[in-house]
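K.L.:
These are the residues of each chain, in order.
Number of protein chains: 2
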Amino acid sequence: MKIYETKSAPNPRRVRMFLAEKGIDMEYVELDIAAGENLNDANRSKNVTTKVPFLELDDGTCIGESIAICRYFEELQPEPALFGTNPLQKAQVEMWQRRVELHLLLPIGMCFQHTSGYFKDRMNPIPAWGEESGKNAVDFLAVLESHLSDNTYLCGNYFSVADITLLCSLDFARVVKIRLQDTHPNLQRWYQQVSSRPSAKA
Amino acid sequence: MKIYETKSAPNPRRVRMFLAEKGIDMEYVELDIAAGENLNDANRSKNVTTKVPFLELDDGTCIGESIAICRYFEELQPEPALFGTNPLQKAQVEMWQRRVELHLLLPIGMCFQHTSGYFKDRMNPIPAWGEESGKNAVDFLAVLESHLSDNTYLCGNYFSVADITLLCSLDFARVVKIRLQDTHPNLQRWYQQVSSRPSAKA
Chain W
1 MKIYETKSAP NPRRVRMFLA EKGIDMEYVE LDIAAGENLN DANRSKNVTT
51 KVPFLELDDG TCIGESIAIC RYFEELQPEP ALFGTNPLQK AQVEMWQRRV
101 ELHLLLPIGM CFQHTSGYFK DRMNPIPAWG EESGKNAVDF LAVLESHLSD
151 NTYLCGNYFS VADITLLCSL DFARVVKIRL QDTHPNLQRW YQQVSSRPSA
201 KA
Chain L
203 MKIYETKSAP NPRRVRMFLA EKGIDMEYVE LDIAAGENLN DANRSKNVTT
253 KVPFLELDDG TCIGESIAIC RYFEELQPEP ALFGTNPLQK AQVEMWQRRV
303 ELHLLLPIGM CFQHTSGYFK DRMNPIPAWG EESGKNAVDF LAVLESHLSD
353 NTYLCGNYFS VADITLLCSL DFARVVKIRL QDTHPNLQRW YQQVSSRPSA
403 KA
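Sequences listed follow chains W and L, in order.
Heads up: the first sequence begins at 1 in the numbering used here, then just goes up one per residue.
Heads up: the second sequence begins at 203 in the numbering used here, then just goes up one per residue.
The reader is advised that the hints may include incorrect statements.
A few chain W residues facing chain L, derived, Cβ under 10 angstroms [said to hold, decoys possible]:
1. E30
2. I33
3. A35
4. G60
5. I67
6. I69
7. E79
8. G84
9. Q92
10. H103
11. W129
12. K135
13. V138
14. K177
15. R197
16. K201
Hints listed in this document are in silico derivations from the structure and should not be mistaken for laboratory results.
All C-beta atoms in this analysis are idealised placements derived from N, C-alpha and C, irrespective of residue type, glycine included.
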């Protein structure tokens, strides 16, 4: 099997970091999304939404969406568990994963796409929406800062795929000049802790 | 336990329909989101993102995010399984669930919020983004139409939580005047099939 990805993009990094935590080796195929390689017929037939990354199994079956790929490997190799180990913890991982995606990763991506014009050959950038999205992302950092004052990781003492999503979101945020500030001591502490894991280099 | 929700909103319906498929009874507490009841201190302390629905357990623990609530009940009561029954199927459910959320439910919500001004007391509507989101949602209907020409449900013959999300998205789309057309016979067939399930009335 292999994963089609673009190494510099934030979502592929989530999957690489997840697989590194599991100790799973993978073959990667680099796609040049700036040049639109993901949009050609061959790749579109494998992954209709054309987003990276996507996984191709040996029988040709393809799975798109980063967290769908991660969940596939969580099921194939449950240890170490990164989606939770009991019903409540699984729900909490799903909750924080989605909160970070909807209120941080997605707004940062919108800010980048709508203010940079990076994909203007394939979308209609609306700069006012990009700027608003950037503000919304910054506002959510305050929510995370408060939450991490009582929690080692997003889900208490349990390191999960939600923390992977948060790390990849924060590092990606640099492209739109959003960075942690002195007002975020708990996020800074969390960031040092998670970014020093060997998987963060994947 | 009880769920705080707003009966007319699309996300609470996803959870009600999911619980109806499982045959799980629930106590519901109605929140008036138009009046901002979800934003008061008591509710914010239970659910920091202030979105509906959220679940409150008997010990006071709260779980936000519709799919986190659904996953909690999937773990507590696995049958009938709505998130898949093997690694590949679980990944496919996750994939289609996210595709429908990101390319249909979320854009429809953006279209509604940014063109109607419904929440203008608590956000900054950008009408051009609302209109663009509506176009993006309509474009995704063609992707679904093609996919459903070969599949009974989103994941082949397997009815899943992704179908629940799609039904709730399509019904919600009426508020922004997006409806299935004659060019969507497979989506129409799927819609008749899924909307006739008893759970669709939940």
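K.L.:
Does each hint fit the structure? Answer for all of them.
P.N.:
Against the structure, the hints come out as follows:
1. E30: 22 angstroms, violated
2. I33: 17 angstroms, violated
3. A35: 22 angstroms, violated
4. G60: With a minimum Cβ separation of about 13 angstroms from chain L (threshold 10 angstroms), the hint on W:G60 is violated.
5. I67: 6 angstroms, holds
6. I69: Hint holds; W:I69 Cβ to chain L Cβ min 7 angstroms, cut 10 angstroms.
7. E79: 14 angstroms, violated
8. G84: 9 angstroms, holds
9. Q92: At 7 angstroms from the nearest chain L Cβ, W:Q92 passes the 10 angstroms test, so the hint holds.
10. H103: 7 angstroms, holds
11. W129: 4 angstroms, holds
12. K135: 8 angstroms, holds
13. V138: This interface hint is violated because 14 angstroms lies over the 10 angstroms limit.
14. K177: 20 angstroms, violated
15. R197: For W:R197, the interface hint is violated, since the closest Cβ of chain L sits about 24 angstroms away, which is over 10 angstroms.
16. K201: Check failed: Cβ of W:K201 comes no nearer than 26 angstroms to chain L, outside 10 angstroms.
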